[in-house]
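S.K.: Each chain, letter by letter, is given below.
Number of protein chains: 2
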Amino acid sequence: MPGDKIRIGIVAPGKRLEEDVARRLVAFAAQAFPNVELQIHPQCFLSHGHFAGPDEARAKAFLEVANDPRFDALWWARGGYGAGRVAPLVLPHLSDVAKKKLYLGYSDAGFILAGLYRAGFPFVAHGPVARDITRDGGEAAVARALAFLSARDPATLEPGLSAAVPAVAFNLCVLSHIVGTDLMPDLSGHVLMLEEVSEELYRIDRSLCHIAAAPSVRGCAGIRLGRVSDILPNDPDFGATPEEIVRHWCGVSGIAWLGAADIGHDVENRIVPFGRWPWPKG
Amino acid sequence: MPGDKIRIGIVAPGKRLEEDVARRLVAFAAQAFPNVELQIHPQCFLSHGHFAGPDEARAKAFLEVANDPRFDALWWARGGYGAGRVAPLVLPHLSDVAKKKLYLGYSDAGFILAGLYRAGFPFVAHGPVARDITRDGGEAAVARALAFLSARDPATLEPGLSAAVPAVAFNLCVLSHIVGTDLMPDLSGHVLMLEEVSEELYRIDRSLCHIAAAPSVRGCAGIRLGRVSDILPNDPDFGATPEEIVRHWCGVSGIAWLGAADIGHDVENRIVPFGRWPWPKG
Numbered sequence: 002m003p004g005d006k007i008r009i010g011i012v013a014p015g016k017r018l019e020e021d022v023a024r025r026l027v028a029f030a031a032q033a034f035p036n037v038e039l040q041i042h043p044q045c046f047l048s049h050g051h052f053a054g055p056d057e058a059r060a061k062a063f064l065e066v067a068n069d070p071r072f073d074a075l076w077w078a079r080g081g082y083g084a085g086r087v088a089p090l091v092l093p094h095l096s097d098v099a100k101k102k103l104y105l106g107y108s109d110a111g112f113i114l115a116g117l118y119r120a121g122f123p124f125v126a127h128g129p130v131a132r133d134i135t136r137d138g139g140e141a142a143v144a145r146a147l148a149f150l151s152a153r154d155p156a157t158l159e160p161g162l163s164a165a166v167p168a169v170a171f172n173l174c175v176l177s178h179i180v181g182t183d184l185m186p187d188l189s190g191h192v193l194m195l196e197e198v199s200e201e202l203y204r205i206d207r208s209l210c211h212i213a214a215a216p217s218v219r220g221c222a223g224i225r226l227g228r229v230s231d232i233l234p235n236d237p238d239f240g241a242t243p244e245e246i247v248r249h250w251c252g253v254s255g256i257a258w259l260g261a262a263d264i265g266h267d268v269e270n271r272i273v274p275f276g277r278w279p280w281p282k283g
Numbered sequence: 002m003p004g005d006k007i008r009i010g011i012v013a014p015g016k017r018l019e020e021d022v023a024r025r026l027v028a029f030a031a032q033a034f035p036n037v038e039l040q041i042h043p044q045c046f047l048s049h050g051h052f053a054g055p056d057e058a059r060a061k062a063f064l065e066v067a068n069d070p071r072f073d074a075l076w077w078a079r080g081g082y083g084a085g086r087v088a089p090l091v092l093p094h095l096s097d098v099a100k101k102k103l104y105l106g107y108s109d110a111g112f113i114l115a116g117l118y119r120a121g122f123p124f125v126a127h128g129p130v131a132r133d134i135t136r137d138g139g140e141a142a143v144a145r146a147l148a149f150l151s152a153r154d155p156a157t158l159e160p161g162l163s164a165a166v167p168a169v170a171f172n173l174c175v176l177s178h179i180v181g182t183d184l185m186p187d188l189s190g191h192v193l194m195l196e197e198v199s200e201e202l203y204r205i206d207r208s209l210c211h212i213a214a215a216p217s218v219r220g221c222a223g224i225r226l227g228r229v230s231d232i233l234p235n236d237p238d239f240g241a242t243p244e245e246i247v248r249h250w251c252g253v254s255g256i257a258w259l260g261a262a263d264i265g266h267d268v269e270n271r272i273v274p275f276g277r278w279p280w281p282k283g
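Line order of the protein sequences matches chains A and F.
Using this note's numbering, you'd call the opening residue of the first sequence number 2 and step up by one each time.
Using this note's numbering, you'd call the opening residue of the second sequence number 2 and step up by one each time.
Heads up, a few of these hints could be off.
Covered stretches of chain A (in silico footprint by chain F; criterion: 3 or more residues with CB under 8 Å from a CB of chain F, positions within the stretch not fixed) [what the hints assert, rightly or not]:
{"id": "1", "region": "49 to 59"}
{"id": "2", "region": "82 to 91"}
{"id": "3", "region": "176 to 182"}
{"id": "4", "region": "206 to 218"}
{"id": "5", "region": "235 to 243"}
Hints in this document: simulated from the structure, not taken from any laboratory.
Ideal Cβ positions, reconstructed from N, Cα and C, are used throughout, including at glycine.
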């Protein structure tokens, strides 16, 4: 009802969130988005080797937020690897309630975003995570996420979206680890936006070699390339830029090259709603 | 006929071979294997960014050796990434002559070894490459490869092979980049041996998360783990050893854990003939 707060549950399917970052996030949201109530699930602070708690704890937290009608949205605390382990523990147990809410994350989150989209969830989006507040100028990224999560503000969106063509966005390496599994959505007819961070160029080429050979990706409407940042040294010099690499694989596989996308592991990372925008009424 | 030399053609589908390494290799083979004639294709010395020449040149060299009846075997100069780009240029153009010869390589070679095995080539094997001679004690690895290439010497084989169950061997990360593509063989009923080098543990876990979700891998007879060497630091400490990681994924996916395998990025790397050993008469 009018005046009700938008309730956003934050979980960490991958790496853990630091307590001081959580405090900073809550303070920023309270000041900048008074209509939003952030609930950071205590699972975010668990620690279990690489992960924010054991697989079962991360899956339980995800389900508690996703299946609880009091939450309007589920927001990723951060990425970092772990969502792929949680996806098969989560996806079969999502209720009709879960299908009504909005899911936002990127990078490692792609494992679950892919599975949700494949399962027909209508409100799945690629965009900043809570921990992006720690980046230089990161409040802009978090404000963008909160403006989308709370009001689906069109000013937050990747500017090249078309109402005529559905879109998805993925971290390239994560998408390569989804190809050939039950998480992989049918990307036929979709614009596929890709971004990458902290990889050697030979690995970027190898990931594209892989996804461009996947039948579902070959049927996409075209590829747009977001930022490829913090590229690690290649031995020897690879001999091509990220854009040249993507254009090579578009040529080899008959996929249309559609130019740049305004996404990446940075504070400019714009929102990409999966599917066709505008979304149906939720 | 008796007295004829065994002719082995060496090509480089990935990175280039250094001329001094080639000279050392030829000298060693002439002394230790007088019945072998090594022919190092000049393509091995080409340089094109990351690769030993452009894709077309690497594919042409591969086809020249594979389709030439004067060669008994095709041996990988080295790995390093590039075979996946060449595979679709090579596989449709292999003749019946190509089907009669022996193919030996590992690591990046797995892209083409997979495609050859899937296409029904009977003599495909995972084992040392020519450039392993540069490792400390590397002459032992090259001698093992040459003893297998020239005489199929059973002393060179991975000791756990069983006549009852077919086997394959792959670099884990390379296999992850084959899943979901036309190169992926059906591994149902096969013992799958895996090895890895120079990766963080989270990447190793992520590759296993990927392959264990692939239907074809789930049907395998079990996994054996070779050496996982030069493990890069994980931030934070991952919390499990490579064997524990593999056993976790075997448990999750219902794959049998079959213990260690004597393969790896090192001079001890034993030969794994794809399929059922002994092979049919060639």
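S.K.: The structure should be examined with respect to each hint, and the outcome stated for every one.
M.R.: Here is how each hint holds up against the structure:
{"no.": "1", "hint": "49 to 59", "result": "holds (count 4)"}
{"no.": "2", "hint": "82 to 91", "result": "holds (count 4)"}
{"no.": "3", "hint": "176 to 182", "result": "holds (count 6)"}
{"no.": "4", "hint": "206 to 218", "result": "holds (count 7)"}
{"no.": "5", "hint": "235 to 243", "result": "holds (count 6)"}
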